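Visitor: Chains as they are written, first to last, in this note's numbering: chain A, -5 to 124; chain B, 180 to 727.
Don't read these hints as lab results, they were simulated from the structure. What you are looking at is a predicted structure, and each value in this text was computed from that prediction instead of being measured. Be aware that one or more of the hints could be misleading.
Cβ pair distances, simulated, as ranges [as the list claims (entries may be wrong)]:
| # | chain 1 | residue 1 | chain 2 | residue 2 | range |
| --- | --- | --- | --- | --- | --- |
| 1 | B | VAL603 | A | GLU48 | 27 to 33 Å |
| 2 | B | ASN182 | A | ARG(-2) | 56 to 62 Å |
| 3 | A | GLU39 | B | SER574 | 56 to 62 Å |
| 4 | A | PRO111 | B | LYS612 | 53 to 59 Å |
In the DSS-like style, the derived pairs of lysine-lysine whose C-alpha atoms are separated by at most 27 Å in a straight line are [to be verified]:
| # | chain 1 | residue 1 | chain 2 | residue 2 |
| --- | --- | --- | --- | --- |
| 5 | A | LYS120 | B | LYS198 |
| 6 | B | LYS489 | B | LYS477 |
| 7 | A | LYS98 | B | LYS641 |
Residues of chain A placed beyond 12 Å of chain B at every Cβ, according to the derived structure [as the list claims (entries may be wrong)]:
| # | residue |
| --- | --- |
| 8 | ILE(-1) |
| 9 | GLY26 |
| 10 | GLY77 |
| 11 | ASN79 |
Just so it is clear, CB atoms sit at the ideal spot from N, CA and C, and this is done for glycine as well.
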Amino acid sequence: MEKRIRVLVAKPGLDGHDRGAKVVARALRDAGFEVIYTGLRQTPEQIAEASLQEDVNVVAMSLLSGAHNTLFPKVVNLLKEKGMNDVLVVGGGVIPDADIPGLKQAGVAEVFTPGTPTANIVDFIKSNVK
Amino acid sequence: MANETLKAKMQAYTAKVEKSLEKFPERKNLAHNRLYTPLDVEGFDYERDLSFPGEFPFTRGVQPTMYRGRFWTMRQYAGFATAEESNKRYRYLLEQGQTGLSCAFDLPTQIGYDSDDPISEGEVGKVGVAIDSLADMEILFDSIDLGKVSTSMTINAPAAVLLAMYIAVAEKQGVAADQLNGTIQNDILKEYAARGTYIFPPKPSMRLITNIFEYCSKNVPNWNTISISGYHIREAGSTAAQEIAFTIADGIAYVDAAIKAGLNVDDFAGRLSFFWNAHNNVLEEVAKFRASRRVWAKVMKERFGAAKPKSWMLRVHTQTAGSMLTAQQPENNIVRVALQTAAAVLGGTQSLHTNSKDEALALPTEDSVRIALRTQQIVAYESGLADVVDPLAGSYYIEALTNKIEEECWNYIKKIDELGGAVVAIEKGYIQKEIQESAYKWQMEVEQKQRIIVGVNQFQIKEKPVEGLMRVDASVGEMQKKKLADLRAKRDNAAVKEKLAALENAAKDEKTNLMPFILDAVKVYATLGEVCGVLRKVFGEYEAHVSL
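Required output: the full structure, derived from the provided sequences and hints.
Guide: Written out as structure tokens, the structure is:
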């Protein structure tokens, strides 16, 4: 049997909006992934450490506070520092289109903005996970 | 038997339309019946169920005159970047005819951290204004007469600190505390359940809240000491009935806590206020507002034995549903907000914030905020919706739906009572779980197109990225850090140390009201982070219950 894809759904920063994170987490679980949800207020260090401890294939971050340009790239860099070069990092939330190229350049594989069906997130992960 | 005839006619109607409606299966399973008749309001008793506006059970509104006197307060939630920037936005909104202020604070402020705390990195000034000390608060209200304006502050865990700063700024303007009008949100239970900006565990949090009730009843008598909020519960995905049920359950917990602390219910209950969401389904929302007033009036009169009519009234601020704004074809949001405004006004709100069309994408620009405010003004002055008190009363549908939502609300309250009250229900994760279930169900309905969201899952177009969005200057964090360094160098640090030590001692004694100590500390320019730091040390921090 194929190994199940392990996903860490994370809420970096101080943002308390977790409706999206929880809905996505559940949709990923229903799609057959193993999902770990961090809960609120995780520092980039905590997220990277949890990714390492849980040995995940995917880190999916949700942020609606506007701090994505600071926090997403920080998580990507910390994952690399820990040698987790194969982890697929995706993000979502209230993120202006103009910020997406910069986030992708920083190593976020895809950014899902409001209105994205959860099925698209599932498909993206399945096609891009290493 | 008139009813028997009616029942027979209704059956005949149903049989007839069900046949022809077979062609429209997608409209078959809506939440409400297709037609309402007198059969749906059997036993309806005008005096008992509705009575007159301003009279128990306040189904028709809390004031006798409603909008035939004054319109609701038009109060746009605003705040971003620095106190200087936000002060400019407030003055602009007041010039445009807004009648009250509503302050949005950034996340570090809401969670009790200074802008120079490492955990604040990236968040300073983003979702609201950064307030680190009384010095920022003085700038925020510069040239705004606090004796004339009413101010609502969306602040919860550190509500006591921001209220103290507001009182201190007013004092400097020469306005006494008993002349101040406004609201602090101060509703920690929904932070645990839905919004996430908690700091301390429930017990000391409830103490801070009752300390505020007591302090304000004596010193700031016109202040709304809490805004018990369903808004965020709804935004997190609840249904309309869950929104008011969980919120009223929270309200019961606050009243219980205050009574346990020795307060007389009629001394503080008149200053409790509520906060509802105005969602998309206009008539369901109207029924929700009406049902909520009836439930709260019964809770206060019958459960808590409050004697003053003021204690029975559910006064409410409303905000249109942010989560219903779409990032796709954002101009459509103007229409959504107009309908939500209609719901809030037909529901009898006391004040209203209307969202701006661009808020699924970013903070709103000045132009889009103006359209949102104009939407309220158009509804108020042009639509006629505000001309008659509770104009939908007596509609078979509205009354039946009001009854139904009330019943669902009582069922939840009973269930939460059985669990041991709202605090326990939240600690056990019950309320969070109920909200998550509804949120997931909604999302699946959208994805399976059982629920159509225009521009999102139907009627899409190819769109260019939206231009001209507001951006918060990235230098705000650095500016606040510099202001803080200057403040710490200039202020009387011995006095700060002394007042913080006094606060720490007071916090250790459960019987002491902390408000005077917090006021003393902020007046010598102790920072928000320092004050909350002392309280964190004594109270500890809340550990969230997480389950999927």
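Visitor: If a hint holds in the structure, say so; if it does not, say that too.
Guide: Quick rundown of the hints versus the structure:
no.: 1; hint: VAL603(B) to GLU48(A): 27 to 33 Å; in the structure: holds, 31 Å
no.: 2; hint: ASN182(B) to ARG(-2)(A): 56 to 62 Å; in the structure: holds, 60 Å
no.: 3; hint: GLU39(A) to SER574(B): 56 to 62 Å; in the structure: holds, 57 Å
no.: 4; hint: PRO111(A) to LYS612(B): 53 to 59 Å; in the structure: violated, 24 Å
no.: 5; hint: LYS120(A) to LYS198(B); in the structure: violated, 45 Å
no.: 6; hint: LYS489(B) to LYS477(B); in the structure: holds, 13 Å
no.: 7; hint: LYS98(A) to LYS641(B); in the structure: holds, 22 Å
no.: 8; hint: ILE(-1); in the structure: holds, 16 Å
no.: 9; hint: GLY26; in the structure: holds, 15 Å
no.: 10; hint: GLY77; in the structure: holds, 24 Å
no.: 11; hint: ASN79; in the structure: holds, 24 Å
The structure is inconsistent with the numbered hints 4, 5, although it conforms to all the rest.
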